[in-house]
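Colleague: Residue numbering for the sequence shown follows the working numbering, starting at 138 and increasing by one per position.
It is possible that part of the hints are untrue.
Stated by the list, open to error - Pair by pair, the computed Cβ-Cβ distance ranges are: (1) GLU211 - GLU246: 21 to 27 Å; (2) TRP158 - LYS207: 16 to 22 Å; (3) SER264 - GLU178: 25 to 31 Å.
If you're looking for bench data, these hints aren't it; they were derived computationally from the structure. We treat Cβ as the ideally placed atom computed from N, Cα and C, and that holds for glycine.
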Amino acid sequence: MELKSWFKAACQDFETRLDRWKQQANPYVNSIQQAIDYIEEHYLDSDLSIKQVAENIHLNPSYLSTLFKKETGETFTGYVTKLKLQEAQVLLRNMDIKISEICQTVGFEDSTYFSSVFKKHFQISPSEFRQNH
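Between the sequences and the hints, there should be enough to build the whole structure, so can you do that?
Modeller: Right, here's the structure in full:
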């Protein structure tokens, strides 16, 4: 039991040191995490923009855009769209409301465009998704 406790503490210490090392190796990783946290908190806001996120974490919007793509492998817009589509999936599974209402709830103005983006991302239409889940 004592050995198990020591090993657990040693692993936690290693993980903490590794995180610090990663941040020192790339000081902007923390900025990207701040950006992601902000985006995940505000992705349903209709006025969310890269400029707004950049101002919040004190970076130039163009630089943030480049850094975001480099660190996450996704564009800002692609990341926000992915979050909206994931929220749409949750609503389609759990709410008995019209797809057009879900579309507006997650920030798409046009339900045809929403359906097209949803189908492109998940290879299934919103109505088919609802039927299967």
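Colleague: Of the hints given before, which are not true for this structure?
Modeller: Of the numbered hints, all hold.
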